[in-house]
Amino acid sequence: MHMLVCGGTGCHASAGEMLFENLKKEVQENNLQDEVQVIATGCFGFCEKGPIVKVIPDNTFYVQVEPKDAKELIAEHAIKGRVIKRLLYIDPVKKEQIPDSKHMGFYKKQLRIALRNCGMIDPENIDEYLAADGYEAMGKVLLEMKPDAVIQEIIDSGLRGRGGGGFPTGVKWQIASKNHADQKYVVCNADEGDPGAFMDRSILEGDPHCVLEAMVINGFSIGATKGLIYIRAEYPLAIKRLKIAIDQARNYGLLGTDILGSGFDFDVEIRYGAGAFVCGEETALIRSMEGERGEPTFKPPFPAQSGYLGKPTNVNNVETYANIPVIINKGAKWFASIGTEKSKGTKVFALAGKINNVGLIEVPMGITLREVIFEIGGGIQGGKKFKAVQTGGPSGGCLTEKHLDTPIDFDNLLAVGSMMGSGGMIVMDEDDCMVAVAKFYLDFTVEESCGKCSPCRVGNKRLYEQLDLITKGKATEKDLDKLRNLSYVIRDTSLCGLGQTSPNPVLSTLDNFREEYLAHTNEHRCPAGVCKDLIRYEVIAENCVGCTACARNCPVNCISGERKQVHVIDQSLCIKCNACLEKCKFNAIAVI
Amino acid sequence: MTSIKVKLKESDVQKLKEVAKSFNNEAGELINVLHKAQEIFGYLPAEVQEVVAQELTIPVAKVYGVVTFYSFFTMLPRGRFPISICTGTACYVRGAEKVLDEFKRILKVPVGETTADGKFSITCLRCVGACGLAPVVMVGDKTYGRVTTDGVKEILKEYENED
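These protein sequence lines map, in sequence, to chains A and B. All letters in the first sequence, in the order written, are residues 149 to 740 by my numbering. All letters in the second sequence, in the order written, are residues 158 to 320 by my numbering.
If you're looking for bench data, these hints aren't it; they were derived computationally from the structure. For glycine and all other residues, C-beta sits at the position ideal for the given N, C-alpha and C. Some hints could be false.
Quick list of in silico lysine to any residue cross-link-like pairs, SDA-like style, CA-CA up to 20 angstroms [stated by the list, open to error]: (1) A:Lys-680 - B:Lys-299; (2) B:Lys-299 - A:Lys-478; (3) B:Lys-178 - B:Lys-162; (4) B:Lys-299 - A:Glu-169; (5) B:Lys-255 - A:Gly-677; (6) B:Lys-310 - A:Glu-169; (7) A:Lys-256 - A:Asp-275.
Facing chain A, a subset of chain B residues (Cβ under 7 angstroms, in silico) [what the hints assert, rightly or not]: (8) Ser-228; (9) Tyr-249; (10) Lys-255.
Computed Cβ-Cβ distance ranges for the label pairs, DEER-style [said to hold, decoys possible]: (11) B:Lys-310 - A:Glu-214: 21 to 29 angstroms; (12) A:Glu-177 - B:Tyr-316: 54 to 62 angstroms; (13) A:Lys-256 - B:Glu-311: 19 to 27 angstroms; (14) B:Asp-169 - A:Pro-384: 18 to 26 angstroms; (15) A:Lys-288 - B:Tyr-316: 50 to 58 angstroms; (16) A:Glu-519 - B:Glu-317: 33 to 41 angstroms; (17) B:Tyr-316 - A:Lys-609: 35 to 43 angstroms; (18) B:Pro-216 - A:Lys-609: 26 to 34 angstroms; (19) A:Lys-216 - B:Asp-169: 49 to 57 angstroms; (20) A:Leu-457 - B:Asp-169: 29 to 37 angstroms; (21) B:Glu-317 - A:Lys-447: 48 to 56 angstroms; (22) B:Lys-174 - A:Thr-641: 53 to 61 angstroms.
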């Protein structure tokens, strides 16, 4: 019996590590070392209900397991074979206990290619990766294939870059292979800066070897012998597991000189990011690796011509790499049979926000937003109404009800004013103000703009200020046209992808939620009750029983009233902290 | 930048010089050296930047340019219990802003600064990737999930008697 404990960052944060230690201790105390293996794996994706324990072979799926549950798990499940019902997952819609992962709505519609090993193997043990066909694709490439054939295979598969741009990966490799130089580089972009996205981190934490394997294949096909992984310093666990993986691969002769006796040399080094969103852009990333400010440079020259240290460099994202070994093993034809006409394969999304099942999912291209949100995601939290879904992070747009049946792929999302991006997918409900959301993203862009080109540096700041005025009720309907025009200018004239896409949250909300903007500008009202300057808290007299809970919890003492009397809020002192509303048990506080 | 000059410990400066040497004093290793420097000193005041510039033979202005460009590097000392509030999108839609306001209100310091007694500092960070637990707050290495405005007081209480 295997007990798989999720060792991803999400579950780590909720005491997953202690649970793992306790389980191991219990196994030892019961002398079960030969029968029960406790393994810390990568992310299962079901972060909402972590820490997760999955029992193999019966696939029993325990959620929100606490360290103290270890004793019972071993005594009941491992020894007596009894399922512990109270730890099973309860379907949010049907309210039924689900015994195993095969029957969970969350997993049913998923197809795991890039995440194939996440949650299945111990990422710190190369033997487990090898047992899961690891490094087989690399062996095939190095010993049986010519570089051009490898590139052709990737082109035929139709794989497109998963970092956001969607550029055909094989074509990128081909360009890099044709530029001759004494030294070329292969770079893995693991600078996942999109807030609310954690796809790359989960792959690196759950299956680091698959990225290394793909980098060797990439290096062989373009003639590069050095690989660099540029990773965020904010991902300590991913860094640790990568380092372990690199050491193990070197020890096994899978990295280094004359790999598998093929005569091909390749080694990998890690470079650290330092928290700059713009460094996800490949030219900025290269500048950063050279120890400079991460400012993008004009293309051409493309990195494939002149990249790291002026040498031809191929940059691919983590998820893109995670697909490579499978494509080699199963063939381009197989991969191309999945997905839509122009977007092949699957895409990993970080599903988050006001949704029941927050987590990491991988779905075939062409699935609809509705299937993702309502079937896999289990619908909106607390029975609230769906309002919008934001894809593509700060570069994407907010889509609405009417887009829910759009099949997800690179081109469809662009056509409706958003983008695939790296795979963040944030769901919002009726309590979210779309003007405030647009402002939130612009705040991010302003902070992360590198400042090199003025449309982005100055323009986004002006956009932010304009949005700020709207949320304060100080703008007019005419200002909305200004907002739109400025957005177009920034989009059309910025140097890099950051500025070219940063107005997307504004444009898409202007298109899809114009009424909400008009409520702010014309009626000075925030329909969602979010924008502080446009709302006030009031006591509903007929509901108030005078329990004094609000007055006692008000941090600025602006609520007065005697016991058993209707209370009153002094608007001049109220800081709109929401404490009274949270405390009131009688629905006697309203946001107006 | 503060006008008061920071006196660096000689042993720490020596450590930093060794770090620079381990990277062959190469200018291209600036970011790696700064990461290590911040580990040694806790932050990167002008005085540390001067040492780095000297060791890598590059202008201090360039070091300053890089330090201020990346959000991971800080020129202000953090509190003994640094509080980081995740303001990624997932946490934002689940109420991170209210949590942040509550920390600011109770501790009476703005984002990026440290309380007068040097105990707490408040910073915002963008996504720790624990979106299932949103909104997320970190105090040092400890993660708190699903934090409410009420929860803020509870968290601070835990550190009441610690120093």
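Taking 33 to 41 angstroms as the hint, is the beta-carbon distance of Glu-519 (chain A) and Glu-317 (chain B) inside that range?
Violated: the Cβ-Cβ distance is about 49 angstroms, outside 33 to 41 angstroms.
For the pair supplied as a hint, Lys-680 (chain A) and Lys-299 (chain B), confirm whether the alpha-carbon distance does not exceed 20 angstroms.
31 angstroms, violated
Please test the hint of 53 to 61 angstroms on the beta carbon pair from Lys-174 (chain B) and Thr-641 (chain A).
Hint violated: Cβ distance 45 angstroms, outside 53 to 61 angstroms.
Taking 7 angstroms as the limit, does the beta-carbon of Lys-255 (chain B) come near enough to a beta-carbon in chain A?
Where the cut-off is 7 angstroms and the nearest Cβ of chain A is about 6 angstroms from Lys-255 (chain B), the hint holds.
Decide if the proposed pair is consistent with the structure: Lys-299 (chain B) and Lys-478 (chain A), CA atoms, cutoff 20 angstroms inclusive.
43 angstroms, violated
Just to be careful, I want the Cα atoms of Lys-256 (chain A) and Asp-275 (chain A) compared with a cutoff of 20 angstroms; is the pair within it?
29 angstroms, violated
Do the Cβ positions of Lys-310 (chain B) and Glu-214 (chain A) conform to the proposed distance bound of 21 to 29 angstroms?
24 angstroms, holds
For the pair supplied as a hint, Lys-299 (chain B) and Glu-169 (chain A), is the alpha-carbon distance within the 20 angstroms limit?
The given pair, whose Cα atoms are some 18 angstroms apart, holds under the 20 angstroms limit.
Within 19 to 27 angstroms or not, the Cβ separation of Lys-256 (chain A) and Glu-311 (chain B)?
38 angstroms, violated
When you check the alpha-carbon spacing of Lys-178 (chain B) and Lys-162 (chain B), does it fall within 20 angstroms?
Cα-Cα ~26 angstroms, so violated.
That 26 to 34 angstroms hint for Pro-216 (chain B) and Lys-609 (chain A) (C-beta), does it hold up?
The hint (26 to 34 angstroms, Cβ to Cβ) holds, given that Pro-216 (chain B) and Lys-609 (chain A) are roughly 28 angstroms apart.
Lying within 18 to 26 angstroms: is that true of the beta-carbon distance Asp-169 (chain B) to Pro-384 (chain A)?
23 angstroms, holds
When each numbered hint is compared with the structure, violations occur for hints 1, 2, 3, 6, 7, 12, 13, 16, 19 and 22.
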